[in-house]
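Trainee: Protein sequences appear in the order of chains V and G.
Letter 36 of the first sequence, counting from 1, is numbered 32 in our numbering, and no numbers are missing.
In our numbering, each residue carries its 1-based index in the second sequence increased by 747.
In short, the hints are calculated from the structure, not lab data.
Owing to the predicted nature of the structure, the values given are computational and were not obtained by experimental measurement.
A virtual CB, placed ideally from N, CA and C, is assigned to each residue, including glycine.
One or more hints might be untrue.
[Stated by the list, open to error] Some chain V residues flagged as far from chain G (calculated, every beta-carbon gap over 12 Å):
1) 70
2) 179
3) 293
4) 338
5) 349
[What the hints assert, rightly or not] With a Cα cut of at most 30 Å, we get these calculated DSS-like pairs of lysine-lysine:
6) V:346 x G:756
7) V:346 x G:811
8) V:280 x G:755
9) G:756 x V:125
[Unchecked claim] Here chain G is said to cover these stretches of chain V; the calculated rule only asks that three of the stretch's residues, wherever they fall, bring their Cβ under 8 Å from a Cβ of chain G:
10) 467 to 476
11) 479 to 492
Read off the chains here:
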Amino acid sequence: MNRREFGKITGAAAAAMTAWGGKALASDGIFETDLLIVGSGFAGLWAAIAARECGVARVAIVDKASIGRSSMSSMCAGATIYRFPTDDPDEWVLDVAQANHFLSRQDLTSRILDTSYGRYKKLESWGVKYGMAPTGQTRLPSRGFKRLKMSVLPTWRNKRGGAAVSSALFEKVKELKTLLFPKTMITEILLDHGRAAGAVGVDRLSGETACFKARAVILAAADCSFRGNYACVDQVTGDGFSLAFQAGARMTNMEFLCVNTASPSYGFEGTGVAARYGGRFLDKNGRAFMKDYHPDGNKAEIAYITRAMAEEIEKGNGPPLYFDLSRPPLGIAGNWALSMIGGWVELNLKRLREKGLNIFAEPQEWVAAIQTLRGGARTDSNFMTDVPGLFAAGMTQSIDPGLFNGWSTMRAMGSGELAGMAAARFLKDAGDVRLSQDEVRLARDRAASPLNGRTGINPEQVLAAVQETMVPYPVCIRRDEQSLSRALSRIEGLRDDHLPALAAADPHELCKVHEARNVTLAAELYLRSALLRRESRSDHFRVEYPEVDNRNWLKWINLRRGQAGSIETDFEDVPISSYPARPTEPI
Amino acid sequence: MIESIDVKKCIACETCVEVCPMDVFRIDMDEGHSVARYRDDCQTCYTCELECPEGAIHVSPWRKERPQAW
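Generate the whole structure from the sequences, applying the supplied hints.
Mentor: This is how it looks when you write it as structure tokens:
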């Protein structure tokens, strides 16, 4: 891509390039920066702000969609856990550890919580206001936690929800003169003697390659949804996972696949909130079944709900299963309360009403919906992966296996800010990097060569095949050796027979080729880890091993790229004796 | 799914091209307006409709059928 074309797409980039004295683009067509951030959700935006405020001169953000307006962060409700000065720090760390069945990284959890009120105050000073729940509370409890509370209903100017926070952060990013590269999908991290030195990607509009030289890289490119049935997660295709893994970083917690619930025919956000205010899960005969499975009933953690739904299916009590939002107070106030979230949630409810469907009038057919693979890159306490100079934040990093209201947003913001600060410290001492021209040429070729008029396999075939493999409940919810092995065999077949032949007819498909490769890798890492963990914990349930086994499994499973395409495994004990929060039962 | 694009309102500003997470839109340079070139990839997130400065895009709430867990 030439500079004129880039400028056309990225007006902000052109402005920032001027701010850098026009020195961003070297004569060999390589953009030079100190810090390259991949992804622009809460984590990427916070990372950029922190790095610039810590004095990093040149920060660039690249995203396969827009910067700050297309991420999961901008589509979520925006509820976020912050620890206020009046909250007890020790109790909160214990709460997080218990909710994650003691597989959380307590060192990182503490740092994220310790710094959270600072982020709350910063957002407030930038004009973000959190609101009041319909119950009159300014902070709400979060499903799955005993003590943690979340701030809800953020607004900023005319925006609400996650879009409000994203917009405020993006405004700050622009003010701090960060170079922006939207519509650019990073396909490979470049290394200089094992240290991160930049990246290569493809432009989603032109199909041409872009190359970045960077002295440090932060991966904040979300997780992987396998195009499950949850709303607004199709774009999350394991891109950050693949970049980290292929660069040599260990991946951890990859067996923890979170499955939420949803309508099979329309998007819905807010099941947890709805269940708190009277929403009930029903079998095909209209019987509410959750009390049979968990003392918290419909308010139980989502993992218990999806597991119960699968058991109801096995007992012949469905399909269909239903979610009933019609009882008071939901039937009366639900529409108003969910509309308060704003953004797509409000518009979606309005559009459903226009189509003649009032979801609060009668039970709705409801299904399991893969939402997110909770694994990610393992980092040290400074958010750096095993690859020097390569940092990970947001959902690309894994610090715990669970999914809770307001915690993913907290994790994304906290890890983003702290990774940005850590990268700034790293850059103070780190020297320059060199890019091998041969390596750059080969990486560009690997990125662009599938664009050949599609003389091969359409990536949509692979994306659909991975989706069909992952979605059945014996693979994603009630897992056993047989179902996981069969799925792994299918994924290996796709990996060996289909991925090498993927081809694209145009730049749009070229990015889908890379997405197909990434989701296939994420599926393989999930299935391998899920086969290895012979117990049940958090979102991982093995039919043959239904109990938590702290004696043998208080450990993380890490996967790393080995020689000739192999995957190496190591088991890492949770350093529970050095952590403040420990299980009460004997280990 | 993308239900309609009002070509009379569309000013071909490329906002939808940039913000769509699924890369659904392109500008038809001959016609001078946006088209949902990759309509099947739409994930019904409404980002295009919410961001379109001219209110030219209308999204239907129904999503394309997906494989189900059971």
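Trainee: Check the non-interface label on residue 179 of chain V: least C-beta distance to chain G beyond 12 Å or not.
Mentor: Label violated. Min Cβ-Cβ 6 Å, cutoff 12 Å.
Trainee: Beyond 12 Å from every Cβ of chain G: is that where the Cβ of residue 338 of chain V lies?
Mentor: About 10 Å separates residue 338 of chain V from the closest Cβ of chain G, which leaves it inside 12 Å; violated.
Trainee: Under 8 Å between beta-carbons, do enough residues of the stretch 479 to 492 of chain V, three at least, approach chain G for the coverage claim to hold?
Mentor: With 0 residues close enough to chain G, the hint is violated.
Trainee: Taking 30 Å as the top limit, are the C-alpha atoms of residue 280 of chain V and residue 755 of chain G close enough?
Mentor: violated (47 Å)
Trainee: When you check the alpha-carbon spacing of residue 346 of chain V and residue 811 of chain G, does it fall within 30 Å?
Mentor: holds (19 Å)
Trainee: For a C-alpha distance cap of 30 Å, please report whether residue 346 of chain V and residue 756 of chain G respect it.
Mentor: holds (22 Å)
Trainee: According to the definition I'm using, a residue is off the interface if its beta carbon is farther than 12 Å from all beta carbons of the partner; does residue 349 of chain V meet that for chain G?
Mentor: Residue 349 of chain V not clear of chain G: closest Cβ-Cβ about 9 Å, inside 12 Å.
Trainee: Okay, the stretch 467 to 476 of chain V and chain G, do three or more residues pass the C-beta test at under 8 Å?
Mentor: holds (count 5)
Trainee: Any Cβ of chain G at or closer than 12 Å to residue 293 of chain V, or is the non-interface label fine?
Mentor: holds (21 Å)
Trainee: Taking the shortest Cβ-to-Cβ distance between residue 70 of chain V and chain G, state whether it exceeds 12 Å.
Mentor: violated (8 Å)
Trainee: Given the hint that residue 756 of chain G pairs with residue 125 of chain V, test it: the Cα-Cα distance must not exceed 30 Å.
Mentor: With Cα atoms ~33 Å apart, residue 756 of chain G and residue 125 of chain V exceed 30 Å; violated.
Hint compliance for this structure: hints 1, 2, 4, 5, 8, 9, 11 are broken, all remaining hints hold.
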